[in-house]
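Let's have the full structure, built from the sequences with the hints guiding it.
Quick note: the sequence shown uses our numbering, first residue 1, plus one each step.
If you're looking for bench data, these hints aren't it; they were derived computationally from the structure. All C-beta atoms in this analysis are idealised placements derived from N, C-alpha and C, irrespective of residue type, glycine included. A hint or two may mislead.
The calculated label-pair distances, taken between Cβ atoms and stated as ranges, are [as the list claims (entries may be wrong)]:
#, residue 1, residue 2, range
1, GLY210, LYS56, 27 to 37 Å
2, ARG163, PRO189, 42 to 52 Å
3, ARG165, ASP186, 45 to 55 Å
4, ALA214, ASP170, 31 to 41 Å
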Amino acid sequence: MLYTVAHGVIPPLARAMWRPVVEGLHHVPATGPVIVASNHLSFFDSVVIPVVVPRKVVFLAKSDYFTGTGVKGTLTRAWFEGLGMLPVDRDDTKAAIASLDTALEVLRRGEAFGIYPEGTRSRDGRLYRGRTGVAHLALTAGCPVVPVGLQGTEDIQPVGANRPRLGKVDVTVRFGEPITVGDDYDGVPSGRARRDLTDRIMGAIAGLTGQEPAGVYNERPAPQA
1 MLYTVAHGVI
11 PPLARAMWRP
21 VVEGLHHVPA
31 TGPVIVASNH
41 LSFFDSVVIP
51 VVVPRKVVFL
61 AKSDYFTGTG
71 VKGTLTRAWF
81 EGLGMLPVDR
91 DDTKAAIASL
101 DTALEVLRRG
111 EAFGIYPEGT
121 RSRDGRLYRG
131 RTGVAHLALT
141 AGCPVVPVGL
151 QGTEDIQPVG
161 ANRPRLGKVD
171 VTVRFGEPIT
181 VGDDYDGVPS
191 GRARRDLTDR
201 IMGAIAGLTG
211 QEPAGVYNER
221 PAPQA
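This is how it looks when you write it as structure tokens:
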């Protein structure tokens with residue numbers, strides 16, 4: 001109910017505020033399980049994709065956003081739940097496995113799941129090497145992967161900013177042709193299959209964004225003392 005109400009209000013307001021340019025939206029299937037795999041430049045990425053896609057796209061968000069108290073905590077929780085996000089404890093050593101299990105549950109329900117194969121936001125604008133969780137999901141669920149290229153979201157909410165900037169910002173959201181698995185990896189060792197499929201997905205994302213490849217994994221910055 002909360003998602004239905006919020007999704008009827010938030011997307012029109014957000015589109016009017018930031019007016020993102022959207023290309024290739026027809027590549028996102030209207031029904032059925034699908035993985036939406038995007039580059040990651042800003043916290044706002046998890047807002048702009050659900051805003052422009054007509055169907056619900058589930059993203060994971062850190063659990064802190066769902067546990068606040070008072071009026072601010074209630075509004076924050078309502079905002080994230082209204083966008084269809086699910087909580088995950090990123091500081092839990094088992095969080096990665098738990099998040100994959102959660103994603104598979106979403107896909108088994110026939111829904112769309114959003115993921116950033118880079119793992120964390122790019123702080124220098126380059127496209128980092130993809131982690132193979134996205135391929136694990138696609139191979140396990142047997143569903144297509146729609147690559148997404150985002151440009152300009154870092155200007156709405158740069159890394160480190162607590163809130164988005166208001167007003168017109170040049171933001172482009174490009175959806176590429178779905179990548180289907182089929183029987184491409186029958187008989188291929190699982191590790192090799194996941195690596196190859198992940199590289200295919202990242203190659204498609206690079207083609208949509210034109211970002212310089214970093215050639216290495218992106219690591220989360222160490223917490224400040």
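Status of each hint after checking the structure:
For GLY210 paired with LYS56, a C-beta distance near 29 Å keeps the hint of 27 to 37 Å intact. At roughly 46 Å, the beta carbons of ARG163 and PRO189 sit within the given window of 42 to 52 Å. At about 48 Å, the beta-carbon gap between ARG165 and ASP186 stays in the expected band of 45 to 55 Å. Distance hint check: the CB atoms of ALA214 and ASP170 are about 23 Å apart, inconsistent with the given range 31 to 41 Å.
When held up to the earlier numbered hints, the structure conflicts with hint 4 and nothing else.
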